[in-house]
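Student: For this one, chain A is given, so just place chain B on it according to the hints.
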Amino acid sequence: MKRIGIDVGGTNTDAVLIDGDKITASIKVPTTQDVMSGVKAALAHVAAHIGDTPRPLDAVMIGTTHFTNAVVERARLERVAAIRIALPTGASLPPMCDWPEDLYRAVDPMIFMVHGGHEYDGSPLVPLREDEIREAAMKIRDAGVTSVAISATFSPLTTECEDRAAEIVRLIIPEARITLSNSLGRIGLLERENVALLNAALQSLGKTTVQAFKTALAEIGLDAPFFLTQNDGTVALADVAAANPVFSFASGPTNSMRGAAFLTGLSDAMVVDVGGTTSDIGCLIGGFPREANNIVHIGGVRTLFRMPDLLPIALGGGTVVDAETGAIGPRSVGYRILREARVFGGQTLTTSDIAVAAGMIEMGDPSLVSDLDPTFVQETLARMRAMVAENFDQMKTSAEDVPLIAVGGGAFLIPDEVPGASEVLRVENAGVANALGAAMAQVSGEVDQVFSDMTREQALAAAETEARAAAVAAGADAASLQVLEIEDIPVAYLPGGARRVRVRVIGDISFG
Amino acid sequence: MLQEFPEENIESLATGAWILGTGGGGNPYLSTLNLRRLYAEGARVQVLQPDELADDDMVAVVSGMGAPLVGQERLKDPRHMARAVELMEDYLGRPFRAIMALEIGGANALSPFLAAALLGRPVVNADCMGRAYPEAQMTSFAIGGLSMFPLSLVDVRDNEVIVTRAESWKWMEKVSRAVCTAVGSTAATCKAPRTGREVKDWGIHHTITQATELGRVVLEARARHDDPVAAVLDHAKGKQIFRGKIVDVDRTTTGGFLRGKTVIEGIDTDRGATLELAFQNEWAVAFRNGAPVAMTPDLLCLLDSVSGSAIGTESVRYGQRVNVVALPAPEILTTPAGVAAVGPRAFGYDIDFKSVFK
Numbered sequence: 001m002k003r004i005g006i007d008v009g010g011t012n013t014d015a016v017l018i019d020g021d022k023i024t025a026s027i028k029v030p031t032t033q034d035v036m037s038g039v040k041a042a043l044a045h046v047a048a049h050i051g052d053t054p055r056p057l058d059a060v061m062i063g064t065t066h067f068t069n070a071v072v073e074r075a076r077l078e079r080v081a082a083i084r085i086a087l088p089t090g091a092s093l094p095p096m097c098d099w100p101e102d103l104y105r106a107v108d109p110m111i112f113m114v115h116g117g118h119e120y121d122g123s124p125l126v127p128l129r130e131d132e133i134r135e136a137a138m139k140i141r142d143a144g145v146t147s148v149a150i151s152a153t154f155s156p157l158t159t160e161c162e163d164r165a166a167e168i169v170r171l172i173i174p175e176a177r178i179t180l181s182n183s184l185g186r187i188g189l190l191e192r193e194n195v196a197l198l199n200a201a202l203q204s205l206g207k208t209t210v211q212a213f214k215t216a217l218a219e220i221g222l223d224a225p226f227f228l229t230q231n232d233g234t235v236a237l238a239d240v241a242a243a244n245p246v247f248s249f250a251s252g253p254t255n256s257m258r259g260a261a262f263l264t265g266l267s268d269a270m271v272v273d274v275g276g277t278t279s280d281i282g283c284l285i286g287g288f289p290r291e292a293n294n295i296v297h298i299g300g301v302r303t304l305f306r307m308p309d310l311l312p313i314a315l316g317g318g319t320v321v322d323a324e325t326g327a328i329g330p331r332s333v334g335y336r337i338l339r340e341a342r343v344f345g346g347q348t349l350t351t352s353d354i355a356v357a358a359g360m361i362e363m364g365d366p367s368l369v370s371d372l373d374p375t376f377v378q379e380t381l382a383r384m385r386a387m388v389a390e391n392f393d394q395m396k397t398s399a400e401d402v403p404l405i406a407v408g409g410g411a412f413l414i415p416d417e418v419p420g421a422s423e424v425l426r427v428e429n430a431g432v433a434n435a436l437g438a439a440m441a442q443v444s445g446e447v448d449q450v451f452s453d454m455t456r457e458q459a460l461a462a463a464e465t466e467a468r469a470a471a472v473a474a475g476a477d478a479a480s481l482q483v484l485e486i487e488d489i490p491v492a493y494l495p496g497g498a499r500r501v502r503v504r505v506i507g508d509i510s511f512g
Numbered sequence: 001m002l003q004e005f006p007e008e009n010i011e012s013l014a015t016g017a018w019i020l021g022t023g024g025g026g027n028p029y030l031s032t033l034n035l036r037r038l039y040a041e042g043a044r045v046q047v048l049q050p051d052e053l054a055d056d057d058m059v060a061v062v063s064g065m066g067a068p069l070v071g072q073e074r075l076k077d078p079r080h081m082a083r084a085v086e087l088m089e090d091y092l093g094r095p096f097r098a099i100m101a102l103e104i105g106g107a108n109a110l111s112p113f114l115a116a117a118l119l120g121r122p123v124v125n126a127d128c129m130g131r132a133y134p135e136a137q138m139t140s141f142a143i144g145g146l147s148m149f150p151l152s153l154v155d156v157r158d159n160e161v162i163v164t165r166a167e168s169w170k171w172m173e174k175v176s177r178a179v180c181t182a183v184g185s186t187a188a189t190c191k192a193p194r195t196g197r198e199v200k201d202w203g204i205h206h207t208i209t210q211a212t213e214l215g216r217v218v219l220e221a222r223a224r225h226d227d228p229v230a231a232v233l234d235h236a237k238g239k240q241i242f243r244g245k246i247v248d249v250d251r252t253t254t255g256g257f258l259r260g261k262t263v264i265e266g267i268d269t270d271r272g273a274t275l276e277l278a279f280q281n282e283w284a285v286a287f288r289n290g291a292p293v294a295m296t297p298d299l300l301c302l303l304d305s306v307s308g309s310a311i312g313t314e315s316v317r318y319g320q321r322v323n324v325v326a327l328p329a330p331e332i333l334t335t336p337a338g339v340a341a342v343g344p345r346a347f348g349y350d351i352d353f354k355s356v357f358k
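So the sequence lines, in the order shown, correspond to chains A and B.
Using the UniProt record's numbering, read the first sequence as starting at 1 and increasing by one per residue.
Using the UniProt record's numbering, read the second sequence as starting at 1 and increasing by one per residue.
In isolation and in its complexed conformation, chain A is listed as follows (with noise of 0.2 Å):
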């Protein structure tokens, strides 16, 4: 298997090229302002080494942090259209009730709420009112929108509505780009809505996206598939993903944890990615993140759906120092370090400064922090080692000592002793975890859903056998599946012993 990683992120684009588990090159330059130019940069770096062994290169895999920035900078977002199927309920909480303004503004919505949906047994709430979706429909076709989502109560379960919504919104407006709720969400309405609507506005941002890249490996000269990584460590092919944007929103991280997985062997530990302005920390359980289990907020935005379970801390290599108090942070100079740390001849002290005094790396020049107390220093260290060891036992699952992988530019921040880890690992490599992470990522399939009138056994199975189905569908071998999360979950006051079920199952891509 012959793969090339790359890592889109804020401040470096990383790439390496894999041999089956040898990395056979790898670089780290800096995203440039376009981006593409540097992703050629780095890709033309890899791509040279391509032809060492006979066997040609099976896929390439980007990460990119490109459609988070978007939400957050509330920059190239699209106008939606939404349409939500539930009335009689819900008049009161609109579609986007509870948005930013300016990101509201931004994305400037029509809103349509319609007679439908679905109780949580299957059955009809109401009648869909299919005129009132028509109507709709030519709404937003005259408005000239043809970003569309559409939600409806409890589609999780089944998806009825929402596909004979998009039926007729699709006779009208045939150039539609549709986001239905159930491919990408779970049971909160208000929530899956949200990352429909998140999804529908990055439509456009994800299709030249795709093309970008597209353009940017035919100008090397790659012929190979390519995958976008995806939040949860597995990737989707890129036109698939192109439609789906949100589910790249946190994929930088999780290709950093999973390249940490690789790189040490590891399958089950803590991570922490130490970056320029913050680091993550997160937990492996077999070579894969922890999913967050409850709300995440993305730009302001409430959502429940697939995402690594992180816990960010303001510690990063460019975190701002104050040489008084010896306080760190919130404030970092980010990607500007290399012009304002103290090393490298600047006039802001950071952390990066407090290590480089400590002994503890080499860049810049040296001589220019050793007029730092050696007791400021070391009391500095001490309060950096109390926020890694206080975060870091926040995350823990297990009261036993379990090792901890530091990787990012910023690794060398964390100390060698942290309370509560057996050990601290470093690794080669670990400025390109995030890029070998990409390389290494797979298919995965999911269902959550509630089945009544079954056994737990029954239900389990259920949801299993839908979950691979959903993964062969993504791409997967079938032969290669394995089931990487059971959860379920007793639905209080619903009779037929309800019980909502999670099932998670990966495998390799299927190159067939």
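Keep in mind the hints are simulated off the structure, nothing from the lab.
We treat Cβ as the ideally placed atom computed from N, Cα and C, and that holds for glycine.
A hint or two may mislead.
[To be verified] Pairwise CB distance ranges (calculated):
1) Val293(B) / Pro312(A): 47 to 55 Å
2) Asp248(B) / Thr465(A): 22 to 30 Å
3) Glu167(A) / Ala178(B): 33 to 41 Å
Tutor: This is chain B only, laid out in the frame that chain A set:
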């Protein structure tokens, strides 16, 4: 004297009510959104003190009923809560002077506000649980032996039900729950109407103020980067029972309720010990290393160690850092009749009630 409930109190009320929900009562998020929107449209709610009620004033007691999970899909609408009140008025042939909450815990603390904002009636600064409980007979009105009927129930379609009589509080619970299930496991209800005299004699007073103040100290502590849990303990004269990390959650549904236990492994001063929190919708009994150390009717609250936010029995999950704190129960719940109705035996535990505050 009527006092306007200011908009900035909405978040405080929701935060405090979620803590007083002792794990149940439903997350107030959607109710908070609804109330904010009503305020944004110009509605204002007035609060009335219980002693300002005339003896023969009629008071509507409202609550949303059903499965929280259903409520996450079938988003609630204040109009239905208002309709339940109107339906009861039609049935009684008499107008209500004011509206009050069945329980001050969780989302239901805001239910009377939603109806009141639409109906232009004040909310009484009282409820009949002082927290949240899973069943209709677990109220101060039931403890006081007051009538349990009639009850009105409204769903989102055009179904309106009035239960005109019930043999007992238990039967009222059984019948109304069956109707609620039939209409999709979520409904707005107006419970047995109360007279001003009854509210004054048997209501649990000033709980709106209590929840709002409790929420306010949490929000303020958070803003100052102080310890919000310490603020709760200090303000509500509570006791810390345990501090630790969730290591196991075991849920089952029996008899229509969410039952189970959550296991917390101690940290800091509780290192080496284990606390088991048993629940039926709400946290019921805490066992430290197997021995009961705190129990209903004392309020057992599971709080996020960092934010001080309450954690519900439906949302508790592995790995969370938590403080278990006990807050004093309203006096009526700790009387012999109160303990019989809501003490550990009412939840199936053969334990004598012993308050952590005695």
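Student: So, for every hint listed, does it hold in this structure?
Tutor: Hints, verified against the model:
| no. | hint | in the structure |
| --- | --- | --- |
| 1 | Val293(B) / Pro312(A): 47 to 55 Å | 36 Å, violated |
| 2 | Asp248(B) / Thr465(A): 22 to 30 Å | 28 Å, holds |
| 3 | Glu167(A) / Ala178(B): 33 to 41 Å | 38 Å, holds |
Hint compliance for this structure: hint 1 alone is broken.
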